[in-house]
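> Model the full structure from these sequences, guided by the hints.
Protein chains in written order, with this note's numbering: chain A, 1 to 341; chain B, 342 to 627; chain C, 628 to 1041.
One thing to keep in mind: the hints can contain errors.
[Stated by the list, open to error] Each computed DSS-like pair below joins lysine-lysine, with the alpha-carbon atoms no more than 25 Å apart:
#1 C/Lys-915 x C/Lys-972
#2 C/Lys-915 x B/Lys-343
#3 C/Lys-970 x C/Lys-944
#4 C/Lys-972 x C/Lys-789
#5 B/Lys-343 x C/Lys-825
#6 C/Lys-923 x C/Lys-944
Worth flagging that the hints you see were computed from the coordinates, not collected in a lab.
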Amino acid sequence: MPGTAPGSSNAPGRARVWIWLAVAAGLLVYPLLVPDFWVVSVGAQAIVLGVVTLSLTFLAAYGGMVSLAQMATAGVAAYTLAVLSSHSANAGAHLLPWPLTLLLGMLAGILAGLIIGAVAVRSRGIYLLMSTLAIAMIFYYLAQQNTTVLHGFDGIRGVAVPSILGVSLREPRVFYYLCLFIGIAAYLLVVHLVRTPFGLVLQGARDDELRMRSLGYRVTLHQVAAFGVAGFLASLGGILNLWYQGGISPGSIGMTSTVGILIMAVIGGLKHPRGAFIGALAYVLIQSFAVDVVGAHRFNTLVGCVFLAIVMLSPDGLAGMWRGLHTRKASAKAAPASTSS
Amino acid sequence: MKPFLLSMLNGITLAALYFIVASGFTIIFGMMRVVNMAHGSLYLLGAYIGYSVADSSGSWLMGLAGAAIGTAVAGLLLHRVFLSRYQGQDLRQALITIGLSIIIADLLLAGYGGLTYQLDIPDALYGGVRLPVAGGYPIFRLALIGFAILVYLALWLLMHRTRFGMIIRAAVDDRHMLAATGINVPLFSTAVFALAASLVGIAGVIGGSALSIAPGDDVHYLLSSLVVVIVGGMGNIKGAAIGALLIGLAEQLGLAYFPTYSAIISFAIMVAVLAYRPYGLFGRPA
Amino acid sequence: MSTRTFVKLAVSLALSGAMAQAGAQETIRIGGLATLDGPFAVLGQEAFRAMELAFEEAGNEVAGKKIEWVKESSDGRPDVALTKARKLIEQDKVDILIGPVSGGEGLAVKEYAKSVPGRTFVNGFSAAQETTLVSPASNFFRFSPDGAQWQAGLGNYVYDDKGYRKVAVVSGDYSFGYTQVLGFMTEFCAKGGTVPEKIWVPNGTKDFSSAIARIPEDVDAVYVMLGGADAVNFLSQYYQTGSDTPLVAGSNTVEQTVLSTKGPFQRRLEGIPSAHMVAAGLEDDAYKSYVETYRKRFPDGLNAPSAPYYGYYVATKAVLTALEEVDGDLSGDQAKFQEALAKVKLDTAFGPVELDENRQAIANIYVTEVARDDEGVLYNRMVKKVSAVNQVLGQDRAEFTARGVPSRDFPDCP
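Laid out in structure tokens, this is it:
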């Protein structure tokens, strides 16, 4: 029965399903339609950065915690894997089988997320932001200054990407589908998790921590666990990024890269998980093609202006703008028929 | 003994610079709960303006004045146009200032290029003196201590002996009540923001004379101000001084005795303070 | 993004794809990668000036084909340099890529080059030793010496001509610092000099006063390897302590970009010895016209062309020379072109340049001292020329590489 309130009629609901199907189909056939550069350096890179950004968006949207330590967490996983992999400076070293090193990398990242969370959740709001920023800087300087294991300022290069059944995972189409699979899995994980009791407690704590505590919920435990989940997501992104770049260096987790993740999250929309991927795509597009529009010089001004405009005009980011348009159209359609709104 | 004394002196003089840079930040943070992530950009802006004015006029003091006025105007515009309307939305304001910092830094790069600049110190302050035990020491660095004391005293007088300062302290204590007392809070906030910006602009000239001016300084001094203010507590001038002292000494002693990982020390202190005293060593909750 | 911008973007994308097909015969596309952003921004500006001039001197065409120059900017981070290199190669379809500026970026680009053997990569200015010494890429060419080569002649000079026997080292704590120190200490220690103290300062340090405090009192000189703003900061602080222990400079410490910074730190720079692949005050005509051309063409540039300018200039010249040599034939995965490029011998303003078996430059190095010209402007006056310095600094290649990459502890001669 078509309802009279906006958004409850079948038309927008069906439209949403069609949109999702179109997006899914588009993502699947994308590599068949575009040249290799677009497949990997735009498509895969956007998804990879999107997964790292998703870890930030997850914590911000559902935990009320804006963490600037996500790129550092991703870096922990990436560095762990890089150090244990074959790269340009360890020819002839004895290496563990790659599935094991992959697992170790993921575990290192999750552990880092938990430890960072344990420290960070002792603060709130803007203080948590600054605490995580300081933590990120600590990791950055550790990476820059340790020359024996982490190879200091120049980092680790020539990291070998594993092959399965003789096909390198770095093969453009293969890599894209790998990233797509991980990206979708990460997205679905977040969407599912926030509907579980765990997710609901987290959101409750975001909205009213005191009440949640007084109801007997172990808020701190939930929040630290959320950082662990974010660590898991960031590790996925970090490892894919390692394979994409073929290496890692302190610059990957420094100030610019760290703020970059925040920029992507905000541009896409801090309230929706899909905002992470939208923001990452927008950022990658701007980074790749700004030079054709504003010349090689003022890329940062352009990004800064876009970022500023979105924060000031549409704090829900690009995803919010789309939803805003959508609801306005739906309510415009429903309004003439309704008498109660 | 001598290297230790020197390191202590270096730490104190560096702390003096950090204090001057962070003083504006702590006032804004304390009074308006705005984390001004464009603080470093204002430092850089002040340094460049000061350089241009000093270079064309031949006077360091003119450069100082030019920077003070220039950044005050910039701060005024920044607050009026971008921040005032979002009063109360801490995160949003922080994000806005991040965006502004990126834009300002890039425009300064476009305007001044990537070369390093250095302000000419007045002859009276150039060169070194021979100190007992420590040996040769730059006059300007000792002058830094003098500048910091001047700023501290000026701010103390402002805060404790003027009505303006009384209102600032009231805002730090309980800004919601402030509007109820009839103060025009938005106007007042803009004035304070401009004052704080002016302070950091002056700091830029001082830093640009003691050290130099280069792209990237904005990030460096933003981070140092964050650390100082977190450790010292927001809105607290005395806390900022102590925080600056702690950080300055940690950095220089670290560089002297454990150089390889010394850069981590300040951030580790900041994280530790946030974990155990979320409002800083001397701060209070709102 | 407005509709108009979107259309502009879409059109430029479509065109760039279309042009890559249509213009394949008539144009040669050369990509330029330099740091217009980040800590090395001023080096990037010089880099693009050099490419611009080199193309102009060739009339923007080579072997009868038009040159299309595509610029991309990085910021010193290897990740970004890689992304931009990929864009230039895969999206803009450049045939040849000239760049990057910094050592870390160079190492990353070299690894990428291995995956695209059908294109040619020519180094711009990056001077990390391992880029060509360890696991080189067959399509990566470096026409400028590396950071260790840059110091050839300096160790001998300060031992023989200056009489220094004990030198303390203050350097940035990263691989380029280790490399420069290696270049200096190789000669200095071999002669019998000692380095009792090495003070490594982490990147990002602005205040060097405590590092200065650690310099031993009884050394004859202090060797300083810092760049850009760090050099300015160090020199200011050093002189203000009133210390009169003379300095010896690494290549970046008194490089043209530092000498172009006005400030009180300049008062005591005269006489500081250094070494680099470039110098000033040479007598030959090739050099004089090189400098004149730079000054006329770039009135808002530096006092004199800098090292990154020279690096990119030589790289571009080499590419154009090789292209003329094979008549613009880039077919067969550029096999003929790359072969010709490996054999290019250039006569530059700073002497002859040719490549060794790893496609690494063998070139002249100049020992210099900072001097002031008639207009009071500082420059690096040549005092000695070391000819044909190769990457293994005149030693046996196997022995040299066996010793491994330089680090905080290697080389050592306390």
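> Next, verify each hint and record whether it holds.
Comparing the hints with the structure gives:
1. Under the criterion of a C-alpha separation no larger than 25 Å, the hint pairing C/Lys-915 with C/Lys-972 is consistent with the structure, at around 21 Å.
2. Only pairs whose Cα atoms come within 25 Å are accepted, and C/Lys-915 paired with B/Lys-343 is rejected, the gap being roughly 50 Å.
3. Taking the CA atoms of C/Lys-970 and C/Lys-944, the gap is near 13 Å; set against the 25 Å cutoff, the hint holds.
4. Proximity of C/Lys-972 to C/Lys-789 is assessed by CA-CA distance (about 35 Å); at most 25 Å being required, the pair is judged violated.
5. For the suggested pair B/Lys-343 and C/Lys-825, the alpha carbons sit about 19 Å apart, so the restraint of at most 25 Å is met.
6. Simply put, C/Lys-923 and C/Lys-944 have alpha-carbon atoms about 19 Å apart, close enough for the 25 Å limit, and the pair holds.
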